Structure formats: structure tokens, C-alpha cells
Amino acid sequence: MEIIDYIIVGSGCTGAMAAETLCLSGKKVLMLDAGIAGKVDLPGNDDFVQKRLADHHQADFFLGKELEALAEATHPNIPQQTAQRKFMSDDTDKFIPVNSDNFFPVESLALGGLGNGWGLGSYIFSDTELKKCGLLPAEMKEAYQVIAGRVGISGEVRDDASNYCHNNEINLQPSLTLNPSAGNLYRKYQQKKANFHAKGMFMGRPSLALLTKNKDHRKAYTYRDLEFYGNEGSAAYRPYITIKELVKQGKLEYQSNWLAISFKEKSDHTALDCINTKTNERKTFHAAKLVLATGTLGTSRIVMRSFQQKDKLPVLCNAYTYMPMVHWPFIGKKNTGKFCGLAQLAMFYDKDNSHANVAMASIYNYRSLLNFRILKQMPLNHADGMKFLQLIVPALFVAGIFHPADYQEQNFIQLQQSSTSITGDVLHTDYTYTGNELKDITATEKTYAKAFSQLSCLILKKMRTATGASIHYAGTLPFSKEERPYHISPDGKLHGTNNVYVADGSGFTFLPGKGLTLSLMANAHLVAQKLIQHG
Amino acid sequence: MMNQQLLAEATLFAKYVGANKNDHELQNRYCNAIQLLQLPLTEKEATVLNKLIGMPFLLPAIDGGYALLQPNNTIRKRILVMSALMETDAKYTHHFLVQHNTSFPIIKFLYRGSIAVAKGIVGAILITILRWK
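So the sequence lines, in the order shown, correspond to chains A and B.
For the first sequence, position 141 matches number 141 in the numbering used here, and the numbering has no gaps at all.
For the second sequence, position 106 matches number 1106 in the numbering used here, and the numbering has no gaps at all.
It should be emphasised that the hints constitute simulated quantities derived from the structure, not laboratory data.
Bear in mind the structure is a predicted one, so any value in this text is a computation, not a measurement.
Even for Gly, the Cβ is constructed at its ideal location relative to N, Cα and C.
Mixed in with the good hints there might be a few duds.
Unchecked claim - Within a straight-line C-alpha distance of at most 25 angstroms, the following computed BS3-like cross-link-like pairs (lysine-lysine) qualify:
#1 B:Lys1077 x A:Lys86
#2 B:Lys1015 x A:Lys387
#3 A:Lys376 x B:Lys1108
#4 B:Lys1077 x A:Lys387
#5 B:Lys1021 x A:Lys387
#6 A:Lys387 x B:Lys1091
Claimed, not checked - To give an idea of the chain A side of the interface with chain B (calculated C-beta under 10 angstroms), a few residues:
#7 Val49
#8 Ala383
#9 Asp384
#10 Gln390
#11 Ile392
Next up, chain B with everything else stripped away, as it sits in the complex (with noise of 0.2 angstroms):
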């Protein structure tokens, strides 16, 4: 039986990272693949994933955060696989493989660093504020 910590993680960062939201099969996937690669939460990484699933809204930012502050949490490792596995998944290449000229490159990069940027700084705060690091 399917660990409910667990799909309740790949649900989330399924839906983070721009997936389908019911695409069961890529979050079995996830749950195989996290029990298979081991990457063990801390104690501290545990609640504080616990809280994100409560509040998904925070995600992006505390991601962003923690990509400034503490670039090897495993939270983010664990992203990192769904995103990895979305990749290699076709329905999905969309996502990665520019097929089509993109029109105003330029603005879109420079609005999509921004945007990301933006997210960083603001979880930054957050995670020191809440003290999640």
C-alpha cells in the first residue's frame, strides 16, 4: 500500500512543478523513485514539508528560499526528482524542448529570471523569519 505521506508529497510537487494535476502514474512514479533513491528528510525538513502541503501556496517561494540559503535541502532534491521524471516523461516535453520560436524572448527571460528572483528573496525572509532553515 502506497505510503500516504508520500502521495500526498508527489501530489504536491506534481502540481508545482507544472504536471497534470490527476497524473497518478507520474506520482507513483515519484513514490517509487524517492523510496528507491533514499533521500531521507531531517527532522527539521520533515515539518517543514509537512506545512507545505498545508499551505501549497508558500511553495515556490519557499523553494526559491532555500535554493539561496541551503541549495542541498532535501526538499528540494526531492523536487528536483519529480522534475527530472516529468522531463522523461512525453507528455511532458513540451514543458522543456522549445519547438516553435518563442515571440519577445528577451522580455520573457528577463521577466522569468525576475519573477524567480522575486520568489527567492521573499522565501529567503520567510525561512529565516519562520526559522525553516
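The following block holds chain A by itself, in its conformation from the complex (with noise of 0.2 angstroms):
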């Protein structure tokens, strides 16, 4: 029986941040994981509106070979996934199973996990926004700058926006180019500033796990516009980057197709039970210390497979609204220059100041999608519909506003046995938005709603998502500095074990609006480094 040193247990963003540091101690290190591969190389040397005018089988690379773009989606929080992302969601329904009425995350098995679809928004807590997650304000700023200096974040030093986005803790590359209407958008903000400052709405360019300079040996982005198909030069910050270069290194042994089902501790190590996902062999690992980052619903699945004296947890989850408007200068404009599909302005909306409930909107251009996927939400018919859509597309924005989550007590994940499942069991979920928090969301949209209609913006729907479609989700083992069953200790124990660890978003008490990957990517790292420091 062969003890590794450190097993690491999934290959997202918290996976890829904690073996890179655990890697630096030197140990064995091994990272197990259901690991399904996508592509992501960009094929030939277009951009998007060449690829358009002038590719006779662009069908293939837009559509998908098999048409997966126009597929019924079974999922109602990824609508809008491309052929090429299709990968990230493959197999979930068959092992990681979910039953509910009302909430739908999203999950992954693939290499890299949800990190392969990350909008790249990199966003830093405030220390308020810290210490209601249950993490250390002076310990999380030190790991911003070492996770920023390993992903490489573009934005602006100094805009309204930028003590939201990083308050200068971290070293940025130059922000990225606006898109034309974006910059027509944001100049019409900035004349009117000091009255969004009065109601506490603040706008400015947003940081980006995206390159605008080379950086080792990954490539500046190149503005070809076709980041929802591919990741051309490795611009984009994804996990698998961080990974496979590590395993060509020699410094982490990665092995592919399985998926962790429980632990059981032993005097001196723990065990680790895996089913493999091509041929259901069971397998059992060995490891010093295991350290669980399978995102906060997989760790969840884990620990409670393995305590079974518990089968119902907490979980935080934003709330997430989904604001498509028209900025009219724009109608009927040239489409066809320099344009880029991610985040292009970041509005945060912080009624008191005090950097302690904000609740953030992405606010980006829309064109590489294509047009069909608006036609089919439109309550239009399909020949006046495509020509009324020509029109707005160059002038079209989706707001993507992130609220605020705090615990509520109908909010839970509980396991139910299934016979019909591999692992024997189905997460249930069952969430809702009410009371309070309820009312806080609606104003909160109402707010926006008027703020972008100032901004020269029609609003032509407010969509609050099914709920999950945020794909923020935390809280399920919430830190807590007492020895607790199902509780995690500031330093990632696990309580009630010697030698488990959580790396992920488990432990996080609240879930503020913003994007958590950049946090959640620190606190890995602050979790492998204690663990390194234990010995």
C-alpha cells in the first residue's frame, strides 16, 4: 500500500491553485479527478467576423458537428453553452446526479472543471466582505497577490470601479481595449458621475484573468473575438494551464476518470474510496493528507458519504439577474471592428459605503453567440425578428448582476439515496429567495434598472435566473474555530479528521455580489500553504 504525501481531489480553479503551491514543498504530489478534456485550440488565424464572411463550414464550429448548439437544453442554468464548452457539463447527470424544484447548479467533471467556462472576472473581497466569509483580511491579501501574479489579471489602476475590483493589492496588466459601444456607454457615466456617487453606484473597468501582455509562455489576447470556442495562446486564465504544466514539470502526478466518493481516516493517513468513470472499477487511494477541492456541492457529497450522521447541510448561493437592454446611440451601427465578448465595465452598486453588501453587475457587448440564441427568447416572430435584431445587436448589453447571500434557514443540500445511481445517492437541493433578502434583490434590480436607463439604455427584460445559474455556491461546512462535525477550521480542516482539507468555497459563510473565483483561488492557496506549514 503506497501513502502519497498529498492527494488532491478535483482540478478547478481551487485544484489547480493548491497543487501549484503544494507542488513548492516538494512532496509527492497527486491530483485525482473524473477529467473529461475538451479542445481549446482556435483553429486557423480568423477573427470572428472573417470567420463569418468568409468560412464555408463555420456551421461546424459555431453549431457543432452534431448540432450541439441547437440541442434541448436539459440543464435551465446553461442555455447558452457553445459545441466547444459542451465538455464541461458531459456525464454530470449520470455521477453527480441533483433532484430539485427549484435549484439547478451547474457542475463539471471536466479537466479544469467550471473553470473552463469562468467569465474571468477577478475581484478581490473587502475586508468586511472577508471577515463575514470567516476569512483573514491580512493573510487574503497576501494570497490575492501571489494567485494575480500566477494567472495574470489585466484592468485599470485607478477608476471608480477599482477599490471594488482590487483596490491596488494586486499587480495588473493594461485593461483590455473597449468594445466601441461599451466606451460610448462608459463616457456617458462618466458625465454623469457624480450622481451614480450619490446613490452609491459606482463604474469602472473590471479586472480579468486575461493577458493584454505575454506572460511566460502564454500569449497577450489578440481580439479575435471568439473566446466562448477557444482560448487562442492561452490568454485566458484556466486551470488545465496551471495543471499540465505542472505534470510536463514533473512536479504533480495527474491521473484522469475518477471520481471520490468517500474517506475514511486512518491512524496514520486516509483512505480514499474512487469509483473509475469508464469502467466502474472502485479503487482505494492512500494519502498522508487529502485535501478535498471538488467545488463546495462535490466536497460536500464527499463528507457526507463519509460522516453519514448528518445528511442536510446549509448552502449559500447568489442570486443572480440577467438584464439584456439596448443602448440607443448604437442601433443600426457597424459591427464588424475590433470586439471583444468579455466583461467589458463592472457597476457596483454599494448603498451605504461600506464595501459590505455590494451587489455587482458585468455589464457585456454581445456578438460572437449569434444572433439565433436572442431570436429564440424573443416574443417575436422569426423574419421581422432577425431584421429587428440586426438593428440592436451593435447596440445590445446584458447586464449580469450578482446579489449578495447570506444564510437562510430553507436553504439546504441534503443526500437521498438513489438505486438508480452510481454512487448509490442524489444530491436534493431546494432553495428560494424571501423575506428580506428577497425584497433587497428586487430593489436592487429596480436600482440598476434605472441607473442603465440614465445610461441612454432601454431595458428589455429583467431576468432573475433560475436559481444556481449564478454558479456561486459556498457555505455547506462553514468555517468555525470550535471542533464541530461538518464544520471546517480557518485552516481548512475538516473537523472531526486529522488529515482532510478543503480547499474550496465550503467554508464561506456569506457569498458577497461579486465574482468569487479570485478568493476562492486565494483561500486554496492559503490552505495548501498551512498545510505545508503543519508538515
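The two chains are supplied separately, each in an independent frame; assemble them into the complex guided by the hints.
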């Protein structure tokens, strides 16, 4: 029986960052992962417009050879997935099934996990937000710098939103060039910014894990506007970049096709039971220290199966509002110039200027996901709808608003037995927004709608997406200094164990209304660092 | 051998969304796509589609009516397939990408929007009267 120094379960953003830190210790690190792989390279050199005008086989690229982009979505929260990103959700129904009437989480068994589809928004949490999450601000500030150095973040050093995005605590590459319509929207904001500040609203450039200058072997972003279809030059940070590099350097052993089921603590190590996703073979791996980084819900499944004392845990999820809108001045404008489909602007609503309950809007232009996806949602006939869309797409913005999330008694996840599931169970979830939380969400939506109207935008719709659509989940195993079952110590150790650590968001006791990936990665680094320090 | 009913449907939808009348390649791609995607029509939808093949002038209104009353209608889903195939065909890119600034854009925006809404209302009335829902 071989006992490996460190086993990391999961290859998403947190697994990758924990791996990079642990590999520095010089000890043996094994990553176990279901590891479904996708293709990330973009064929040819054409940008979006050149491809649209000249490529006679573009349907295979944009719709998929099996027309994956047109297939009926089986999951309510992944309706706009491109064919190239379909691998992210492959086999999740089979291996990590969910049963719910009202909460539809998105999970992944892919190499790189949900990091493959991350919008790249990289935001620090304020001291108040960190404390509410159960994290230590001083430690996290150092960790943010480490992670920014690894992944490469571009953004604006100083603008109205910089305090909310990065507070000048991390090194930045220059921000992206704005799309023409986004530039116009931003100028409108700057003309009226005193009014917005008075309402607690601040707009600026988002910080993104996207290179605008070459870094190591990765290349700067080239504005091909095909980022939903591939990752040219690895300009966008994705966890597979770290994992492949560590494997190439011989520092990390990576084994795919393994789904972790449960663990058992032995006297000097931990035994991890896994199922092979190809053969259904069962195998036990042995680790001196086990690091769980399969995402909040994945880790909770493993912990609930392992302890078998409690089958119900609390959960946090940001409510998410999706607000498509048309920026009047750009209706019918030429739409074939330099363009980027990633977040152009970020707006923060901090009504009491406390940095404690911020609700953030990421503002995107729309082009490379093609018009038919919008046509599907419009209450118009297709022929006129197409002509209408041709006019409005150059002016189309989509704002995605994240609302902060606190614990609510009615929200939980539960592991139920299932005879049809390979793992013998299914995750039952229940999540609703009620009371003051619902009032706050509605008020925030109204405030944003009014703000965008003042920026010459016509709001087409306010869609509060199905619960789980934010893809931000946390808080199932809350941080606690006291030794309590189903809780995590501040250094990431799972209470009730000697050798099991949790590196994902399971311990966060609050979810700020912001992108959380940078904070997840920073926490994963800290957990790994403390693990090394503890020997 | 290509299903004649499906081909008639492809011809109807291609013309409706603005493709060339004789674009047999697009029509064939549509037929293959429908066979691959499995978007089965209900009995009622099949009857309505047959009538629309015979009376193509009704399609804009009926499509608009379904958009208001029954957005998940399979006829609409099938028209969307044709739209997506057309959008990803280099011949028709100019229908989707604005390559030069449009003159009088706000007037066109309001006009297009009003026409589409009007057709939808007429269609919704027709669908209700004809019991095509």
C-alpha cells in the first residue's frame, strides 16, 4: 500500500492553485479527477468577422458538428453553451445527479472544472466581506497577490470601480481596449458620475484573468472575439494551464477518470474510495493528507457520505439577475470592428458605502454567440425578429447582476439514497429567496434598471434566473474555530478529521455579490500553504 | 431519399427567413438537422404546419402569434433551426452583421418592432379563432 504525501481531489481553479502551492513543498502530489477533456485550440487565424464572412464550414464551428448548440438544453442554467464548451457538463447527470424543483446547480467533471467557462472576473473581497466569509483579511491580501502573479490579471489601476475590483492590492496588466459601444456607455457614465456616486453606484473597468501582455509561455489576447469557442495562446487563465504545466515539469501526477466517493481516516493516513468513470472499477487511494477541491457541492457529497451522521447541510448561492438592454446611440451601427465578448465594464452598487453588501453588475456586449440565441427568447416572429436583431445587436448589452447571499434557514442540500445512481445517491437541493433578501434583490434590480436607463439604455427584460444560475455556491461546511462536525477550521482542516482539508468555497459563511473565483483561489493557496507549514 | 414533407417544410422556412428560394444546400442541411435533432411535432402542430405549407402568407403572423402564446411550440423551434443554419452560412452573413452604419436607425428600429408586434397580435387572434393552439 502506497501512501502518497498529498492527494488533491478536483482540478478546477481551487484544485489547481492548491496543487501549485503544494508542489513547491517538493513532496509527492497526486491529483485525482474525473477529467473529461475538451479542445481549447482555435483553428486558423480568422477573427469572428472574417470567419463569418468567408468560412464556408462555419456552421460546424459555431453550431457544432452534431449541432450541439441547437440541441434542447436539458439544464435550465446552461442554455447558451457553445459546442466547444459542452464537455464541461458532460456526464454530470450520470455521476453527480441532482434532484430539485427550484435549485439547479451547474457542476463539472471536466479537467479544469467550471474554470473552463469562468467569465474571468477577478475581484478581491473587502475586509468586511472577508470577515463575513470567515476569512482573515491580512492573509487573504497576501494570497491575492500570489494568485494574481500566477494567473495574470488585467485591469484599470485607478477608476471609480478600482476599490471594488482590486483596491490596488494586486499587480495588473493594462486593461482591454473597450468595444466602441461600451466606450460610449462609459463616457455617458463619466458625464453623470456625480449623480451615480450619490446613489452608491460606481462604474469602471473590470479586472479580468486575461492577459493583455505576454506572460511566461502564454500570449496576450488578440481580439479575435472567439473566446467562447477556444483559448488562443492561453490568454485567458484556465486551471488546465497550471495543471498541464505542473505535470510537464514532473511536479504533479495527474490521474483522470476517478470520481472520489468517500474517505476513511486511518491511524496515520486517509483512505479515499473512488470509482473509475470508464470502467466502474472501485479503487482506494491512500494519502498522508487529503485535499478536497471538487467545488462546494462535490466536496459536500464526499463529506456527507464519509461521516454518515447528517445528510442535510446549509448552502449559499448568489441570486443572479440577467438584464439585456439596448444602448440607443448604437442602434444600427457598424458591427464588424475590433471586439471582445468578455466583460467590458463593471458596476458596483454599494448603497451604504460600507463595502459590506455590494451587488455587482458585469456588463457585456453581445456578438459572437450569434443572433439566433437571442431570437429564441424574443416574443417576435422570426423573419421580422431577425431584421430587428440586426439593428439592435450592435447596441446590445447584457448586465449580469450578482446579489449578496447570507444563510437562510429554508435553503439546504441533502444526500438521498438512489438505486439508479452509480454512486448510490442523489443530491436533493432546495433554495428559495424570501423575506428581506427577496426585497433587497428586487430593490437592487430596480436601482440598476434606473441607472442603465440614465445611461441611454432601454431595458428589454429583467430576468431573475433559475436558482443556481450564478454558479456561485458556498457555505455547506462553515468555517468554525470550535471543533464541530461538518465544519471547517480556519486553516481549512475538516473538523473531526486529522488529515482532511477543504480548499474550495465550502467554508465561506457569506457570499458577496461579486465574482468569487479570485477569492476561492486565494483561499485554496492559503489552505495548501498552512498544510505545508503543519508538516 | 429525402422526405418530401420535410423538404416542403424546408422550402417554406427558408423562404420565410429570407434565404434564396433555390438554396437547395441550405434546405438539405435543414432536413438533416431536423432528423438529427429530433424535434417531433405534436399532431396539432403537424396539422398546422401542413396548412401553412399550403398558405405560406400566414406564416409570419402565425409564428408571431405562437411567439406570444406558445413560445415553446415546435414549429417555432424548427424555424429557429433554419435561422441558425442561415446565420452560419457565409452567403447570408449580411443579414446578421451590420457592415456599414444604418441610416435612420431609430425609425427603422421602431418600424421593425411595430410591424413584428402587429403581426404577433394578428397571429394570436388567428390562432385563437382557428384553435391552432
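Now for the hints, and whether the structure bears them out:
1. B:Lys1077 x A:Lys86: 20 angstroms, holds
2. B:Lys1015 x A:Lys387: Distance of about 14 angstroms is within 25 angstroms: holds.
3. A:Lys376 x B:Lys1108: Between Lys376 of chain A and Lys1108 of chain B the Cα gap is close to 21 angstroms, so the pair holds against 25 angstroms.
4. B:Lys1077 x A:Lys387: The hint holds at about 18 angstroms.
5. B:Lys1021 x A:Lys387: 18 angstroms, holds
6. A:Lys387 x B:Lys1091: 16 angstroms, holds
7. Val49: Status holds, d = 7 angstroms.
8. Ala383: Hint on Ala383 of chain A: holds, closest Cβ of chain B at ~6 angstroms, below 10 angstroms.
9. Asp384: 4 angstroms, holds
10. Gln390: The hint holds - Gln390 of chain A has a Cβ within 10 angstroms of chain B, the shortest such distance being about 6 angstroms.
11. Ile392: 7 angstroms, holds
When held up to the earlier numbered hints, the structure conflicts with none and fits them all.
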